[in-house]
Each structure stands twice: as C-alpha cells, then as structure tokens.
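A.B. asks: Numbering (the working numbering), first residue to last: 457 to 676.
Keep in mind that the hints were calculated from the coordinates and are not lab data. Backbone N, C-alpha and C fix where the C-beta goes; we use that ideal spot for every residue, glycine too. The reader is advised that the hints may include incorrect statements.
Listed below are the simulated SDA-like cross-link pairs for lysine to any residue, each with C-alpha atoms no more than 25 Å apart in a straight line [claimed, not checked]:
id, residue 1, residue 2
1, K573, R644
2, K573, A639
3, K627, A566
4, K490, N659
5, K598, P548
6, K556, E545
7, K490, A526
8, K598, P635
9, K521, D461
10, K564, E580
11, K490, L528
12, K564, C640
13, K573, S584
14, K521, R671
15, K627, T583
16, K564, E545
17, K521, D541
18, K564, S463
19, K627, P670
20, K627, S463
21, K573, Q546
22, K627, K521
Listed next, with one range per pair, are the computed distances between beta-carbon atoms [what the hints assert, rightly or not]:
id, residue 1, residue 2, range
23, D656, K598, 19 to 25 Å
24, A562, E676, 28 to 34 Å
25, R538, D461, 28 to 34 Å
26, N458, D533, 16 to 22 Å
27, V537, E624, 24 to 30 Å
28, T634, D533, 21 to 27 Å
29, E624, Q599, 33 to 39 Å
30, D617, Y481, 39 to 45 Å
31, K564, Q599, 51 to 57 Å
32, G607, E581, 18 to 24 Å
33, K556, L673, 40 to 46 Å
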Amino acid sequence: MNYRDCSLGELALSIPRASALFRQYDLDFCCGGKQTLLKAATRQNLDLEAIEAGLAALATVPLEKDWRSAPLPEIIDHIIVRYHDRHREQLPELILQAGKVERVHANKEAVPRGLTKYLTMLYEELTSHMMKEERILFPMIKQGMGSQAGGPVSVMESEHDEAGELIEVIKHTTNNVTPPEDACTTWRTLYIGINEMIDDLMNHISLENNVLFPRALAGE
Numbered sequence: 457m458n459y460r461d462c463s464l465g466e467l468a469l470s471i472p473r474a475s476a477l478f479r480q481y482d483l484d485f486c487c488g489g490k491q492t493l494l495k496a497a498t499r500q501n502l503d504l505e506a507i508e509a510g511l512a513a514l515a516t517v518p519l520e521k522d523w524r525s526a527p528l529p530e531i532i533d534h535i536i537v538r539y540h541d542r543h544r545e546q547l548p549e550l551i552l553q554a555g556k557v558e559r560v561h562a563n564k565e566a567v568p569r570g571l572t573k574y575l576t577m578l579y580e581e582l583t584s585h586m587m588k589e590e591r592i593l594f595p596m597i598k599q600g601m602g603s604q605a606g607g608p609v610s611v612m613e614s615e616h617d618e619a620g621e622l623i624e625v626i627k628h629t630t631n632n633v634t635p636p637e638d639a640c641t642t643w644r645t646l647y648i649g650i651n652e653m654i655d656d657l658m659n660h661i662s663l664e665n666n667v668l669f670p671r672a673l674a675g676e
C-alpha cells in the first residue's frame with residue numbers, strides 16, 4: 457500500500473495503533489489529519505521510509521472496529537462514552553496531581569510551572585465544548601439534520617484547534633511529557649495520565665474531524 461499519499465487521519469483510522477506511531481513522531485493526525493503523510497513528514501524533516509515501515513508492520517494486525525463505515529448514531533454514542541465521559545474523569549484528577557507536583561517540587565528546575573493552570577484551562581474548554589456537542593450538534597446529526605449543521609461543525613472544529621494548541625503548551629511545559637530522572641511517583645503518575653489523556657483527546661478529535669463531521673455534512 458502507498459502510505460505516503462494517504463492522509464494522516466485516514467491512516468490513523470484504518471491501521472491499528474497508527475495513532476500511537478504518529479505521536480512518537482509528533483505528527484498531528486487529528487486537527488492536521490487532512491494532510492498527507494508525505495507532506496507532514498517532509499515538513500518536519502522526518503524519516504518517511506521508517507514511518508512507512510512502521511505502518512506496514514502495524515497493518516498486519518486486524519482492525520478491531522472500522523468507524524469509517526459505522527452508523528453515525530453509533531459513532532456519537534461511542535464518542536460520548538469512550539471520550540467525553542473519560543475526559544470528565546481524567547482531567548480533574550490530573551489537575552489535582554499537577555497542583556501537588558508544582559507545590560511540592562517548586563524549587564526544582566524541571567518542575568512543570570503553570571501546568572495546573574493549563575490543564576484547568578483545557579478542562580474548562582472541553583467541558584463547554586462537549587456540552588455543546590451533546591446538547592446541540594449530536595442531536596442534529598442523529599435527527600438526520602447533519603447537512604444543515606455547517607455552523608456548529610465549524611465552531612467545534614475551531615475549538616478542536618484551540619484544544620490542540622493547549623496540548624502543545626502542555627507538552628512544552630512538561631518537556632514533551634517526559635519526567636526527570638529523579639521524579640517522584642506522583643510526578644511520574646501525572647505524566648503517564650497526561651500522555652493517556654493526550655492520546656484519548658487526539659483520537660477523539662480525529663474521529664470527529666475525519667469521520668463524523670464530513671459524513672454528517674454530506675447528508676448521511
């Protein structure tokens with residue numbers, strides 16, 4: 457298969473664990489999911505052949521669920537349970553842990569200063585965003601009015617971009633979510649949780665931007 461001419465979003469949705477591979481290379485498959493692998497890898501001066509080899513190895517594993525062909529109401533229900541509910545659980549705990557790390561290790565150079573603030577901002581933005589989806593956009597799509605939802609979809613995509621920008625700030629603040637060698641258990645647990653949250657959020661945004669929204673706008 458010619459991977460380099462496929463979009464990052466398509467590859468993330470069609471190859472198991474491709475999203476994890478893309479994260480290793482810092483490739484944006486959610487908000488930037490429409491760009492081809494070739495364009496993205498060239499822009500970041502990455503080893504395209506190594507990425508393609510990784511994708512080829514992952515492609516030998518059967519896809520557990522192909523959301524590209526699932527009914528839209530099923531996709532929506534999955535998003536709410538798998539991602540919305542999960543974000544509501546994850547972020548308050550991460551905020552508490554970040555506050556503790558910033559407070560206890562305030563005198564250390566590697567402390568992620570401002571992390572609590574940025575996680576709180578992300579939580580507040582996502583809380584508002586998910587509420588709008590659940591109360592306005594998702595009901596429209598389930599009622600077969602997706603082709604009339606251009607306005608709400610545009611707002612949601614813009615808010616996805618804003619969430620992506622906050623994630624970049626969080627990554628910068630945490631040395632790409634990498635704890636220092638002398639990090640305590642709470643610090644390491646916090647960074648494990650942040651990495652899981654970022655994975656979830658990127659897959660969440662990818663499923664909406666690259667599958668749900670285009671199909672809904674096309675009138676399904």
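A.B. asks: Give a verdict on every hint.
C.D. replies: Against the structure, the hints:
1. K573 / R644: 19 Å, holds
2. K573 / A639: 20 Å, holds
3. K627 / A566: Holds. K627 to A566 sits at ~13 Å (cutoff 25 Å).
4. K490 / N659: 14 Å, holds
5. K598 / P548: Since the Cα atoms of K598 and P548 sit roughly 30 Å apart, the hinted pair is violated (cutoff 25 Å).
6. K556 / E545: 18 Å, holds
7. K490 / A526: Holds: K490 and A526 sit about 20 Å apart, inside 25 Å.
8. K598 / P635: 43 Å, violated
9. K521 / D461: 23 Å, holds
10. K564 / E580: Given pair K564, E580 is violated - Cα atoms ~28 Å apart, limit 25 Å.
11. K490 / L528: Between K490 and L528 the Cα gap is close to 20 Å, so the pair holds against 25 Å.
12. K564 / C640: Distance ~12 Å between K564 and C640 Cα, so the pair holds.
13. K573 / S584: 17 Å, holds
14. K521 / R671: Holds: K521 and R671 sit about 17 Å apart, inside 25 Å.
15. K627 / T583: 21 Å, holds
16. K564 / E545: With a Cα-Cα distance of about 29 Å, the restraint between K564 and E545 is violated, given a limit of 25 Å.
17. K521 / D541: The given pair, whose Cα atoms are some 20 Å apart, holds under the 25 Å limit.
18. K564 / S463: 42 Å, violated
19. K627 / P670: 29 Å, violated
20. K627 / S463: The hint holds at about 24 Å.
21. K573 / Q546: Answer holds: K573 to Q546 is near 15 Å, not above 25 Å.
22. K627 / K521: Given pair K627, K521 is violated - Cα atoms ~30 Å apart, limit 25 Å.
23. D656 / K598: 19 to 25 Å: 23 Å, holds
24. A562 / E676: 28 to 34 Å: 52 Å, violated
25. R538 / D461: 28 to 34 Å: 30 Å, holds
26. N458 / D533: 16 to 22 Å: Given a distance of about 34 Å, which is not inside 16 to 22 Å, the answer is violated.
27. V537 / E624: 24 to 30 Å: Taking Cβ atoms as reference, V537 and E624 lie about 27 Å apart, which means the hint holds.
28. T634 / D533: 21 to 27 Å: 35 Å, violated
29. E624 / Q599: 33 to 39 Å: For E624 and Q599 the Cβ distance comes to about 36 Å; the hint holds.
30. D617 / Y481: 39 to 45 Å: 20 Å, violated
31. K564 / Q599: 51 to 57 Å: Hint holds: Cβ distance 53 Å, inside 51 to 57 Å.
32. G607 / E581: 18 to 24 Å: 19 Å, holds
33. K556 / L673: 40 to 46 Å: 44 Å, holds
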